[in-house]
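Using the supplied hints, reconstruct the complex from the two chains, each of which is provided in its own coordinate frame.
Residue numbers (the numbering used here), protein chains in the order written: chain A, 1 to 316; chain B, 1 to 268.
Honestly, the hints are just simulated from the structure, not real lab data.
We put the CB at the ideal spot given by N, CA and C, even for glycine.
A couple of the hints might just be wrong.
Across the chosen pairs, the derived CB separations fall in these ranges [as the list claims (entries may be wrong)]:
id, chain 1, residue 1, chain 2, residue 2, range
1, B, P203, A, L202, 16 to 22 Å
2, A, L202, B, D16, 20 to 26 Å
3, B, S14, A, D119, 53 to 59 Å
4, B, D218, A, A199, 37 to 43 Å
5, B, H164, A, G78, 51 to 57 Å
6, B, H164, A, T81, 25 to 31 Å
Residues per chain are reported as follows:
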Amino acid sequence: MSVDLAVRLGPLALRNPIATASGTFGYGLEFEGYVDLGGLGAISVKGLSRRPCHGNPPPRICEVDAGMLNAIGLQNIGIDTFLGERLPLLHAKGATVIANIWGDTEDEYVEVLERIGDDARVAAIELNVSCPNVVKGGMVFGNDPVALAALVKRCRVATKLPLVVKLSPNSGDIVAAARAAVDSGADILSLINTLVGLAIDLERREPKIGFTTGGLSGPAIRPIALRMVWEVRRALPNVPLFGMGGIETVENVLEFLVAGATAVQVGTANFRDPFVSGRLVKELAAWCDRHGVDRVADLVGTLKTRPRPEHTFAKA
Amino acid sequence: MPVNEELRVLKTLSYDATHYSLFVQAGSIGALTRPGHFAMLQAGDGLRPYLRRAFSIADVTTVAGVPALEFVVKVVGVGTAALAHFAEGTPLPVLGPLGVPFPIDDLGRDDRVALVAGGIGLAPLVLLSRVLAARGVTAELFYGGRNEKDVLKRADFERFLGAHRCAYATDDGSLGRKGLVTELLQRELSAGKTYKRLYACGPVPLFRALARIADEADLETSFALESEMACGFGVCLGCVVPARDGRFATVCKEGPCLPHTAIDWSRV
Numbered sequence: 001m002s003v004d005l006a007v008r009l010g011p012l013a014l015r016n017p018i019a020t021a022s023g024t025f026g027y028g029l030e031f032e033g034y035v036d037l038g039g040l041g042a043i044s045v046k047g048l049s050r051r052p053c054h055g056n057p058p059p060r061i062c063e064v065d066a067g068m069l070n071a072i073g074l075q076n077i078g079i080d081t082f083l084g085e086r087l088p089l090l091h092a093k094g095a096t097v098i099a100n101i102w103g104d105t106e107d108e109y110v111e112v113l114e115r116i117g118d119d120a121r122v123a124a125i126e127l128n129v130s131c132p133n134v135v136k137g138g139m140v141f142g143n144d145p146v147a148l149a150a151l152v153k154r155c156r157v158a159t160k161l162p163l164v165v166k167l168s169p170n171s172g173d174i175v176a177a178a179r180a181a182v183d184s185g186a187d188i189l190s191l192i193n194t195l196v197g198l199a200i201d202l203e204r205r206e207p208k209i210g211f212t213t214g215g216l217s218g219p220a221i222r223p224i225a226l227r228m229v230w231e232v233r234r235a236l237p238n239v240p241l242f243g244m245g246g247i248e249t250v251e252n253v254l255e256f257l258v259a260g261a262t263a264v265q266v267g268t269a270n271f272r273d274p275f276v277s278g279r280l281v282k283e284l285a286a287w288c289d290r291h292g293v294d295r296v297a298d299l300v301g302t303l304k305t306r307p308r309p310e311h312t313f314a315k316a
Numbered sequence: 001m002p003v004n005e006e007l008r009v010l011k012t013l014s015y016d017a018t019h020y021s022l023f024v025q026a027g028s029i030g031a032l033t034r035p036g037h038f039a040m041l042q043a044g045d046g047l048r049p050y051l052r053r054a055f056s057i058a059d060v061t062t063v064a065g066v067p068a069l070e071f072v073v074k075v076v077g078v079g080t081a082a083l084a085h086f087a088e089g090t091p092l093p094v095l096g097p098l099g100v101p102f103p104i105d106d107l108g109r110d111d112r113v114a115l116v117a118g119g120i121g122l123a124p125l126v127l128l129s130r131v132l133a134a135r136g137v138t139a140e141l142f143y144g145g146r147n148e149k150d151v152l153k154r155a156d157f158e159r160f161l162g163a164h165r166c167a168y169a170t171d172d173g174s175l176g177r178k179g180l181v182t183e184l185l186q187r188e189l190s191a192g193k194t195y196k197r198l199y200a201c202g203p204v205p206l207f208r209a210l211a212r213i214a215d216e217a218d219l220e221t222s223f224a225l226e227s228e229m230a231c232g233f234g235v236c237l238g239c240v241v242p243a244r245d246g247r248f249a250t251v252c253k254e255g256p257c258l259p260h261t262a263i264d265w266s267r268v
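With the rest of the complex left out, here is chain B (with noise of 0.2 Å):
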């Protein structure tokens, strides 16, 4: 059952002019926070924004020995810009954990996984590298963006996962391999490299190419989707996806979670 908190600001890290972590309190959401859960914000009670924010849960870490929960944002409008500017110690309602997190239960020592991040996509795949990284699954990274810039928070990753399990992609070279990320994880099935499951999150042209190459390898999936949402918790239903049954599926329910064969990509 999802938690309402308010949690407390306690450290808001800025990257550049579109990027910056926002530390909350932990609160109780902290310790039922499992990779792949997403929370909504609720950045001031006026009325522009007035809907909460959808952000997973980038990490379950700690600022200055406080318990604290990271969102890893990107701003593209008033919610997300507007959550940038609140003081430490500013008091913000968060509802979480939120929706279906990615399935790692059955994975162990033995296993290989894919890690695909595309741009802001790293958010729920840095909770997810450290606790694959702390129960000794292998798991490797695939991280792409237009620039350098783009692509966050690699110290951790590397602390996570090592740095030679840690690859990148940009559109302009000035990072890793110019070109597209799907062109990383390629190379390595071509090589003919095997991995458990595929994780991702990012674009929807991501997602769909990375369903083509999972359908072609026989890759299992769990895409971590992104949507509107107006609540977070299966009633608005705004925030769908074409499944592939017909209906439509609820992200914030069904998924965020979901395995790529669940959705009609045609309809996408």
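Pulled out of the complex, with its shape left as it was, chain A reads as follows (with noise of 0.2 Å):
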């Protein structure tokens, strides 16, 4: 029996639902040779910006248990660079790609955006407004759904591209932030990026991290984006959603499509093993393949729930 792994969120259609998630899998070239470019959902690259950045000073990162702690600070080759030179190579390997951008105003982000203008070659944009680990821009969108709803509008007109928004778990509401994301143009939402954190050097009673928090990331933040997911997705069933958070295996793959995502975005795992992604494609159409699932993207959403019930007490 041969699986339909293809999905489709909205505009934009993928050959399978196995994505890796910005800052996680470079610019993509870096997986020639453990990864079949071509063969993956999608690849979500390093967040670009106007120019090229140059990130936060190191300490940046330390493991904490199942999982680490991150403040990049948004390191990357810049929006020009990436196009001129990255991006032909990418799009030569037959990679479906998602230009993860950013800005520290909205006036960068639409300009990020007028750079890729209606290049064929990028599939979707993926605008990070969660980012932890800057001091402006970033999460200072994503926790305001105000401010959010205000880039969302600028960005959507400035771009005839799938319009992803990625969101934070770190506003308070996710459901608010995604509803103000959705009613300003968002095509398509993924969630959930880095959870803050901290972690302490207690020798020195200092931060491991040079930013003081980070980013963490890995299995340890799993339950909560399924939560998150599963979240969203009652709320805003018609949206199509990117999971991801702490993915390592096809089973927790298949756990994000029940709980509500069309596709996953597979992040910190490819630190660890490099292979991991091109994978799970295969390993999602085995497991379908042995549980008589014809078409993957009916797994979407499936997850059955119970009515929650009250408390009771016991008698006096």
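Printed below as a string of structure tokens:
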């Protein structure tokens, strides 16, 4: 039996639901030899800004139980180098490219979008409004639904490409942020970005990360990510979602699909095992085959929940 | 192109409570390895440690006739502790060889170079010593540690380089000169000795001191830098050092072997 792995997220059609998450897959080409780049659902590249960005001073990362903290600070080669040098190579490999972009101001987001224009080699735009590791921009938009709405509206006007908004789990109310993004023109939402965390070097009584706090990623955050995907799906059942957070195995992929994501992004696992995303594509097909699933899209949002009971007290 | 292989543990050789050598099968990584390369090792498939760990490939050697990679490890956390406890025959995922190795292709029989190690920084200098010796390059080792226990694999260095070309310094004087390893090098330079290149690995204060010495003596250098890494192949951008051009350079891809002039020591 051949399994149909194709999924559609609004205007974005993917050959399968396994994508890679921005910041964990470089510009894709670093994984040549490990992964068939054209065989992935999509590649969301390292967040691009209008000019190359140096990022934060080290130390930038530390391992924690079941994951890691990072405060890279959005180091990237800039939109022009990406479009001129990396995108042509990625396109030649047959990769479906999602351009993840960011800016300190609305104008800077728009400037990046104008450089991309309607370049058909870019399958979608992903707005990073949820990076916790920069002082300006980033999460400032993601944590305020009003600021987020204004930004998404301007970006919606500035590009005709499918528009993904990547949501922050740090905002308190992710459903409010999701609504603001969709009402302002987002086609697709991706969630979750990293959770703000702190790790301490006890001997020095200093944070282990130079930025003080860092974004927590890896298996440690998976239950939170699943819960948020499920909440957003329940509130906005017609909005296609990329789910992510601590995906390591094919079972993890399926959990996100069942919770309501149409596709997933594999993140931190790429660091530990550079082959993982390509392997998950094959394992997903095999799992569906074993379980008699013809179309992987049929699994999306199939979580069966029971009504939550009210608590009861013992009789006096 | 680096290779990812499951390589079986051949032997673990403990030096003391915090230092050991881990020998794994060389696989196809052995033949690709040049001095200064490193590899990412995964200690089991659990969640603690979660990430792979970066180690210099200390030597490409044999264990009971079997081609082997040697890693010299100091226990500093959960990963280095876990790697000490794998039984012979356990397969470990190893990605390597990675990074930019030491520049040595321009060296010949008439050249003399200096090798400076601090503590666990000996690791990349073992294979370097072996290769330079095989090429007939004169290499002098200056190796420092807190005490005698910190100064590892002396027999190998002395076999490759000759005992008369190996000088040691310890903080407590338990081995060699009491004092800093840089004083050993300074003494040679003050006596008018010249070196075509200085190769070094150790903690940041040692690098900082050597950078100063190299500037004063107009010495060319190659420093094997150490940094925490999540990936090892230029993607996570977690391992960077401040570069003199204002950027942050990746230790894993642009390094680990970099000239001291590439680094902005005022920002390290």
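Do the hints match the structure? See the list:
{"no.": "1", "hint": "B:P203 to A:L202: 16 to 22 Å", "in the structure": "holds, 20 Å"}
{"no.": "2", "hint": "A:L202 to B:D16: 20 to 26 Å", "in the structure": "holds, 24 Å"}
{"no.": "3", "hint": "B:S14 to A:D119: 53 to 59 Å", "in the structure": "holds, 58 Å"}
{"no.": "4", "hint": "B:D218 to A:A199: 37 to 43 Å", "in the structure": "holds, 42 Å"}
{"no.": "5", "hint": "B:H164 to A:G78: 51 to 57 Å", "in the structure": "holds, 54 Å"}
{"no.": "6", "hint": "B:H164 to A:T81: 25 to 31 Å", "in the structure": "violated, 52 Å"}
Against the hints set out earlier in the document, a violation occurs for number 6 only.
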